[in-house]
Structures are given as structure tokens and as C-alpha cells.
Amino acid sequence: MRFQDKLKKGKSEKLWNEYCGFLDLDINEYMSIQNRLMEEQLELWSRSKLGKQMLRGKNNVSIDSFRNSMPLTSYSDYANVLLQKKAEMLPDQPLLWIQTTWEGGKQPIKVAPYTKGMLDTYRNNTMACLMLSTSHEKGQFDVSASDTILYGLAPLPYATGLLPLVLNEEIDIEFLPPVKEAEKMTFSERNKKGFKLGLKKNIDYFFGLGSVTYFVSLSLSKMNSSNNSASDNETNGFFEKYSFSMISRYLLAKIRCKNEKREMMPKDLFKLKGFMVAGTDNDCYKDDLEDLWGIRPMEIFAGTEPTCIGTETWTRDGMYFFPDACFYEFIPEEEMNRSLKDPAYQPKTCLMNEVREGEKYELVVSVFKGGVFMRYRVGDVYRCVGLKNVEDQTKIPRFKYLDRVSTIIDIAGFTRISEHSIGTAIKLSGIDIKEWFAVKEYTENNRPFLHLYVEMSTQSLVSHAISRDIIKEHLTVYFKYVDQDYKDLKKILGIDPLEITILRCGTFENYKRKTGQNVRRINPLAHQIRELLTLEKQSHINQVNFGRV
Amino acid sequence: MNNYVYMPVIALCCYSFLLMAFMAAKKSKLIYSFSLFLSAMILWTGGSLCMRLLLLPSFQFWYHVSVLGLTLMAFSFFRFIVEFIGCQDHFFSRLYIIIISIVNLINITTGFFLAPPEVVSSKIGDTIFVYNVSWPVSILFFVCFAITVHPLFLIFQYGRKNQTVQKQFKPIVFGVVIVVLGHAAIFIPLFKGFPTDILSGVFFSFFLIYALYKRNLFNLTLLISRGTCYALSATLSLLLFSNLLGLFQAFIDNYLSIYKEHSVLMISVLFAACTTGIYFFMKRFLDKLFAKEDLFFAESLKDYSLTVSKTLKIKEILEKTQDVLQAAIKVKKVYICVQNENRDHYEIAHTTSPLDSKNWCIQHNNPLAKWFEKNDGCLFVRDFKHSTEFKSMWEIEKKQLDELKIEYLVGLKDGTELVGLVLLSNRESRRNYSNEEINFLTSIASIASIAVKNSRLYEKACLEAQTDELTGLLNRKYFYETLKNIYNENNQQSVALVMLNIDDFKLYNQLYGNKQGDQALQRIAGIIRAAVGENGYVARYNGKEFAVILPQYDLLGAKNLAENIRSQISEMNKQETKIRLKTLTLSGGISGIPYAASSVKELIDNVERAIYHVKRHGKNAIMIYSERDPIAIKGTSANITDLHENVYSEYEATIYALTAAIDTKDHYTFNHSNNVAYYAVELAYAFGMNEESAEILKEAALLHDIGKIGIPEQILNKPDRLTEEEYEIMKGHVESSIEIIRHLPSLDYVIPAVIGHHERYDGLGYPRQISKEDIPVMARILCIVDSFDAMISDRSYKKAYSVNRALKIIQEESGRQFDPGLAHLFIKAIQNKTITVKNTVENVS
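If you read the sequences in order, they're chains A and B.
Each residue of the first sequence is one higher than the last, beginning at 106 in this note's numbering.
Each residue of the second sequence is one higher than the last, beginning at 363 in this note's numbering.
Heads up, a few of these hints could be off.
[What the hints assert, rightly or not] Taking lysine-lysine pairs in the BS3-like style, the calculated list, with each CA pair at most 27 Å apart, reads:
(1) A:K190 x B:K822
(2) B:K877 x A:K190
(3) A:K298 x A:K285
(4) B:K695 x A:K285
(5) A:K119 x A:K500
(6) B:K694 x A:K285
(7) A:K116 x B:K767
(8) A:K285 x B:K720
(9) B:K677 x A:K190
(10) A:K111 x B:K767
(11) A:K191 x B:K677
(12) B:K695 x A:K114
(13) A:K154 x B:K720
(14) A:K289 x B:K695
(15) A:K114 x B:K692
(16) B:K720 x A:K190
(17) A:K305 x B:K692
(18) A:K190 x B:K936
(19) A:K221 x B:K694
(20) B:K675 x A:K285
(21) A:K243 x A:K376
(22) B:K675 x A:K289
(23) B:K692 x A:K116
(24) A:K119 x B:K767
(25) A:K157 x B:K936
(26) B:K720 x B:K760
In case anyone wonders, no lab produced these hints; they're calculated from the structure.
One chain only, chain A, in its complex shape (with noise of 0.2 Å):
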């Protein structure tokens, strides 16, 4: 039965507890499932061709002696398997295959498979989501099939087109435009017609990543200025465009605004029932998005190779993992940087039982229900906020998502920058860039950005004409060059992410004799920065006063 059929039967109170009862378990009740869900996974995997290569004649009984034994993994561990898609191998036959890029333009791609059993599962947890992002306090909620919803996320194959798919399966939420039509449609396009079909009908839920919907939700506002001057210009053309509905729903909207004497926002034309965001720097956009819709958005976290595996509730106050989708373990902060240093180390991993309230974490999951990633680091870094709330009634740990492990670099969920795509475009860009190291920061407004500092080699600086903005023009051609995500963002989201500090000659090398070691290249630790940055000043100060001697 789908469900919106049981939602005609007025079963609220049973749509709650098949959808959201995971959050009345308490931790004993939540790792009876994760365990017992494990050891179906462990059988199902250890069965499978790949898994007998990867376990290497390793006979795995147990959850433990699996933890023990196996190696944590990463995408290259899969690659030969999955990137030639040998379904002969994998533990279930995959219904879908969805993808992704893979370490910003280093490779290709990098692909998923998807078994029967993980899209039910992916479907169900979906609509847990969409029921929570609807509720003010638990068992309430409001979702109905003649619900709307805008839809700012990419299409198959990319693991966000499957939340159309699996949301449709359950109920007939119109998607806004419809999805055939979205698929062919740039993203500007969408975006018009989504707004236009808004006003027309509404629009009840908005979901996307946290920087796209706030993108959509300026160019939102920029639609209706746009709208205005339309109306005194063009009359006529207008109201052959909109419909009564529409007009009407625009002039009150209009009017309250003039009241109020302000611009304006999305939250004046749209009710919204719930706001959904994934991806990264999330924190960065909600209080304005809040600020524009009238609601704040709710995070949830899905990615390609985890499936959907976690969600906020009405609190919006730290996400909690679904217990059926995934068997977590968390690297704790010290093994992870330990892991860092030397990769060849193995960190030690705890589980969701044996977390610490504020400890930060990185997760590593191995996929249930047939999923061909065990032991995988997603590559995410969590902060555990607490293991109990009073006021959600919830007894299992929460988390608040941090960002990606310190050796990528990724800006509003968009691309994913590493040493070696910056490597690459320093080197194709030709210029004689000595030393460097990058670091996420953000700007007054709470962006993001890539901060790329750099120290040039002596001689091009007498041969090249070098300047920041010369370094940064260069850079960002070639960042787009090595990297298809890198210019989506400039390209959808109008960011230009990349500033340049160019540190005074000598400065590394000043550094490392003073303490020792290199700095990191990627985010390294901010006293390392702050210890270079001091040293560049006190060398300065030196050679004026040497100047002066």
C-alpha cells in the first residue's frame, strides 16, 4: 500500500511509527538493528565475488572479527568492479546504477550500484524525511498527495535524481516542473518554470543543496522585481502569462510588503509545509534561507555511496542516523589525524553506542540490504552533539555535520578540491609558484571559499608579471579546466571561490627551520597557519630593521 493511500486511511499515528519510529528507540534497541541488519550485509558480501577477493580467503563470522580484519576502504578499492559494471560480482543485483565524479576531476567518474532492497529502504527513509520537515512536534505531521514541491537538485544518474523517483513511488507530489520536462531544462529554466507553476499552485516543500536553494531563492526575489517591472511596462503580456490565481496571489503579497516597507521574498508568495537541504556548508545559508522563506530549512544527509542515512527533526537541532540503511563506525578526531599523517596507519573506529557527546568524527559505513561499500570513509566529518534530547524524547546519539575530512576542500557542496587538483592547476597554469597551501575559510557574510596561499620562486618574480590577480585569473581557468564541478559553480551559482594571499619569499622554508616539518597543503591546522603568518611578519620586520642597522 502506498502512502498516500494509508494517509486517506487516516493512519497518522501509524505513519509516524512506520516511518519515524526509529526515533523512540533507545541505543540498545537502535545496535540490536544495526547488528543484525550487519549480519546479513557481513553474509551477503562475504558470499559475493567481490567480497571474497576483498576478504582474501578471510572468513569473517562475526561483526567484530570483520571489524578486526578488514582494512577501512575507499572508492579505488571498488574501482575495477564497479566502474565496468560487473553486477556478476556484487553481493545483489543492482537495479540502478547512479554516479558521481570522483576527486574533482582526477578521474572520471565513479559509480554506485543500487540493489532493490537499498532503494526500499532509501524510499521509506525519504519519506521519514519529508514527514519531519512538515512536523513542529513528534507524531505531527503534514503531508498531503496534492503537495507540491520545488526541486533544485540534478536528475538521474546522479543520486539526487532518485528522490523523485522513490518519492513518487509512495505519493503523488508534483514535482515543480514536472521531472521529464525538468531533465531537459538548464537550470536557469527550471528555475522560471518552477517559479511560475509556484505561483500558480504553490509550493510546499523546497528541497536542494543548502547554497542552490539559496541561490533559486534570490533569483526567486529577482522574479518578482523582475514581475513588477514587467507589470508597468508590459500589462498586457503579463496577464496573458499568469493566471488569476497567480495575479492575485502576487498583488497580496505585493500589498503586504508595502505595508511592511520592505522587499519582497520568496516567504510572502509561498507557504511553505517543509524545507529540506543536503550537502555541505549547509550552516553557511540557513539563517538567511530561514529569513526568506519563513521557515528553517531541515538538514538531511544522503550522498551517493551511503544512500540516505540521515535526518533532522522539528528541532532542527543535529541529524540522527537511520539505523537500516548503514552500519556506522566513527574514526575519532585523533586516529583520523593519525590516519592523515600516515596513510598507511589503520585508525581505530567506535560505533554508535560508544560516541562521545561533542567529540568530532568521521564516519565510515558499510551499506546494507545487498550495498557493495564495507568499511567505507564517506569522507565526512560529524560532530556528535549530544546522546540523548529531552526535547526531541530521543535516547540515540546526534550529530551535527561538520564539513569533509580536512584533505578535501569543499565549497557549498559542489566540488570537491584536493592536493592534486590544485597541484594540477598550479602546474598547468605555468606559473612559478614555489610553495602553497590551500584552506577553506569563509567570508563576513559566512561564504566559502578557497584561500590559496602561495609563495612565487625568486626568479620568475624579476621574469613573469605576477599579481594576485593575475595568479587568480590563471588558477580559476585552469581550476575549471581540471574540474567539471569547479565551473558548475561558477556557472550555476555565479561563486567565484578562489582568493590568493602571495607570501613574501622564503617564508616556508623559514617555517620548516624554524619548526621542523612542512605545512599541510590542505587545511592545515590553524596554528600552523597562524605560526607562517608570523613568521612572514617577523622576517619582515627583521630585514627593515636590518635595513635600518
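Since chain A is already given, all that's left is putting chain B on it; use the hints.
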């Protein structure tokens, strides 16, 4: 006007409308019989009405018309049932028509059964008809009753024989019951003054129409023809003007007196305009009422037909088929299965959602498929479950239907061949399929069948013309075509071409057989295809060479991609667990427009030269090439291979060094290898091999037991029979030999002979258990001469056999252990002393 006027007028209108509609419908005997029934009702009701209105010529005339109608109604009902159940009954038809004619003639002339009523005026001025009813009236009623009951009896009889059609008769029986009740109600005081008999007649007609409709004998919407609209609008206009003519005339006389002379013209124009207006109004109204669904279906069909006629892509056709079916029939899921290449099953080709399972198919011998092979049209699963064919359904097939909630199936047939099946799941509403929907589905199926067949033929032809059968990549011919097109399309943009040639692939085939070689080609094709994805076109340029066209790629991008492919392929065989396969490497060339070439020809020439260059400089590398300036060479292979003749001399010393090494450990093996080399070369020449091949064979023979270096001496020289474990160790010397030779640069060409010298012609040898011609010919030669030398040698565990005995054994084992042709040749050569038997240290023969 009272009920006796209103009711007949309404009834008359209904009958007239229906009669006109059925006149326009597709004719059949049943429709004719129903039209006769309607005519009888018109006579009965119209006669009664005209009588009550005392219309001309006389009320008596209309009375007799009415009685004629009544009697004809019974007869036409009989005819209707006879046609409905399809029985032949000419006797009763004739009998009843004679009886009716006689009864009416008698009644008209004498008024014997029921004389026309007398007209009297009531006290309040109403006209009352007084009937003088006497006993003969019962004869009249009995005749009508008998003729009406007879068809009921026929229905009863027919229904007993055909239980499934019983429900079709239900509306008819209900209709008869209502008519009887309606006539009986006249005598009930409660209904005094209300013509229940006429009302029941109307109901009866509609029950009969419903029966016809349920039997799918006509399409309700087809009743609404242009003619019906004309007739209805003309009637309405006539009624309107007959009543308003006076008013119009008065209006013109009073207010438009100046146009009085043209009043006839004005009224005529007004009449025509009104008739036209009414016609359009009626048409729209009736279209909305009856033809809305039909119009939708017609539009959908037209749109579908247009769309599928414009494409030959099966994906688009199936997608459109699913869309149109879901929009028109409102089913939750549509699954389209299409016959596979081998025609042994129908595989799922398209589903409503990408999330639907595609891991199932319908076997060719599935009873459902068999049903469609025998029958045309569509099939309800519920009907199929009651059929005999269903009994042969497997449980798994039934479960499949149930899981998918399939309710209805449509066959896509091309002549007698079933090319596909459309499976429709349950509907959004629980509505049954209407006649229109079934017709629509049939039409869609017939269009889809042809479209699917044509597109499959086209796609198959394209596939055969454009792709390589083994790898599924583009073939050489289509590669050229694609490259030219890409070049023309990307006039202002860059195009890169990568060619990847597999190193030493002939050797790989010799080592592992052509089957393994083909599998390797398929795996390599898979890797290249996965790496290139949507960014370019991959072709099999020739046997062991692949080409990748990369539109809008620069040389750096192309080089990165090629390196990526090269590294994946070098890792490819390391994952195999059962057999350790030789690592395959690639030599690749890259060139690009406009960077290093300005035409397609130059592009290909450059890339081929780049490959040649890489091959000459050690293989296993990718090179970007420009005719004037080799841009870069990046390689990882240490092998610098020149021509083979140079290699022989270069490695001769190494080979002797190795054999000398074994001599220190096992003197027998050293001598044995030398003897085998001698016999092998001689047999090779006897077989007709050239000098170069004989030289390779010599090297192989000298090295064939080199792996024995690693076998413990106590096993090598054990005087007793080897234990199973020891024998396994001994067998390992073949792979050990390979391991050693593998590390000798460019000596790997001897591996096929070495690795196969313990294989048996019947496939029972080791290590690969290959048989017959799959064993390289050099290995087959080595096998014979190795065994021969071993047999005639004195060993720690056995005495030497005589040459004759050894030859006899070779003869006996010919076709089992040894290649029969070569064995025969060898025996002959020894016997006629073309090959001299070598005297070894232990040889005692």
C-alpha cells in the same frame, strides 16, 4: 395537458432519438431487430398519444396503430432475443407475424378483441376514453404474453448451457419484469392517471440498450453521428418555429412594418440561423456528453502514431508507448517486454520507473506467450486464470504476475509472430476496462508492434553495420565515419584521437588459447568504454587495436585518459585468481586536431606512427605524436625489443647459462634438455617449420625443464615411485619454468611451448588441461620428443626402454597423449633414420 400527454411525448422523443442513433450505428441483424423494437414502441406510444390528442385522421386510426405497436413490440422483443442469443428460429418468427397480422386485421375490421374506445366528455370538460372490455381481450393479451414469454424461455435454456453469459441476460429479464409490472400497475388505484405502462416501456428500452452495450456490440459514442445532430436540430427548430411563428410575424408587423414585405425572408433567415446554432450547440453538447473519452483516445492515438512514425529508436518508441498507455488507461505500472535476439524469451525493455525491477523475463514457452501466439488482441489475467493454458503456468511465473500486480496483457504481434508483450498493472481506480479502452489498447498494440519490429530491425542493422561483434565497440568502418563527422562538427574545436595497441597479444593467444584471448579483448573493451563514458567514442580498430575519438579534448586530457586506461589494463589480469594470466600492456599513440594534425588522415597517420614508435622503443607506453616533432614519450616498460633474430643471439648465452646451472644440480636434466632440443628441431623441420620457428623451439626445448632447479634433489632423483604430494611438487616445475623465463626480457615467446609441453592431446594433461589444437604446435612437438627422450633414458626409478618400445608407446598414445599427426611423423623419422637417436650417458638402447 396531463400525464398521458407528457409521458408519451417524453417516451416518443427517447425512442425517436435512439432509433435515429441506431440507424447511424454499424448495422447487424441484432441492431436491426432492436431498431424494429424501437419502431414498435414508437407506434405504440405515438399511436396512443395521437389518439389522446384526437389528431387526424381519427382517434380510431391512432388506436389501431397503438394496438399494432403493442403486438409488434412483443414480436420484435422475440426477434431481438433470437438474434441476441444467436439461434435460428424462422418457424416461430413466421408464425408470430402471421398471428399478429391476423389479430390486428380482425381487430381493425371487427373490433373483436378490443374495440376502439368511446370518447366522452367529463363533467369538468376533460376527454375520457371509455373501453368496452369483454372476454376476447384476454386472447389479445395472451397472444402478446405468449410471444413475450417465449424469448424468456429461450434465454433460460441458453443460460443453462452457457453459464458465463447468464449475467448478460440479467438486464433483459429485468426489463421484461419492469414492463410486466408497469402494465400491471395501471390497475392499481395508486397509479391512476399515470401511464406506468409507457414509462415501463422506456425503461425496458434502456435495459435492452444496456444489454447490447455490455456485449460490446456498439460503441455508445458512435451513435452520435452528424446525421443525428442534424435530425435533432431540425426537429427542435421545427418545434420552436411552429410555436413561435405567430409571435415573429406579430413582432415584424408591429415593430418592423417597413420590412413587412420581406417578413418571409427574414423568418427564413432566422430559422436557418437558429437551426445552425442549435446544430452546433447540440454537437458540442453531445460530444461532451458522449464523445469526450473517444476524442481523447483519438487524439492520443493520433499523437502516438505521429511520434512513433518519426523515430526508429526503440527506446523512444517504448517510452512513448508507456506514456500514452499510462495517460489513457491510468494504470499504475506499464512493463514492456521485447523478444530477445535468440528469440527464446521476452526481456524487459522498458518500465514505468527506472526503479522497477528488470531482473525478470517471460520465457518463450510461457503459457502467456503461447496464448498470444495463438490469439490476437488483449488478455485479462483474470480470464487467463480460468483458461486451460493457465494450468501449465509454473508457480514462479504465477508469482511473478502477482508480484507485479499484472491485470491486463497486450500482445505486440507482427503477423503470427509475437514480438513483444505489454503488461499493465492494476489501475489507479478500480474501474473495469471499457470497450473504448480495449479498442484503444488494440490500436496502440498494432501500431507499436510494427514500430517495435521496424526499429529493432533498424537498430540491429545499425548495430551490425556499426559495431564489432566480439567487443560491442564501434567497428573500423564506422570509426572512420564517426571520426569524419566529429571532425566536421568540431570545426573550431579540438578533437583528440587515441589508439591503444595490445602488446604481444599473439603470444597471449598462444599461451592461453583464443578463447582467453577473446575474453581479454572483451575485458579491455569494457575498461576503455567505462573510462571514456559519455566523453567520446570507442572503436575496435583492428584485431588487437582500439581507437578512442575524444571530441573537445586537448592532448593533455587525452594523454591522462589513455594513461588511466593503460594502468587499469596492466592491473586487469592481476585480479584473476584461478589461473595466473600474463600481464597485458598497451602501446598507445595520441594526436589531436588542431595541435598536431590538420586533417583526419594526418591524425590517423600520426597516431599510427606514435604506436610504431612506442613499439620500437620498448612497448607499454603512451606517446603523443606530431609528424615533425615527437612531443613526448612516456613509458614504463624496460623492454627494448628489437627484431627476433637479434634477440636470439643476445640471449643465447643466457639460455646456456641457465642450462649450465641446472647441470650442476641435475646432470640428467641438462643432457635431457639438449637431446630434446635436438629432437624438437629435427621434428620441426620434418613438420615443415621454418628456421625461425625451429630456433624458437630449440630455445624452448633447452629451457623447458628449467623449473626443475627449484625441485628438491631427493624428489628429482628418488628411486621409488613419487607420492602424490611429491608428484604435485614435480608438476610445479612447468610453472616454475615460466616464472624464470618470464623475467628474461623478450624470451617470453618461448613460453607457449614450455607451458604446454605436459599438456595432453586429450586434455588430461597439466597445468591448463587444454586439448588438441588449443595446445600450441611447438608444445605438442616438445611433448613427444620430451617423452621419447625420457623413455629411452635410464633413470633412478626405471631402466631405459628400447627405442622400439618407446616408439610403440608413442604409437599407442597417439591421439591420447600425443598429437597423432606429429607422433606418426616422429615415428617415421626415427624409423627411417631422418632423426638419429642420441646416445645419452644413461642411454642403453
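Honestly, which of those hints from before does the structure not fit? none
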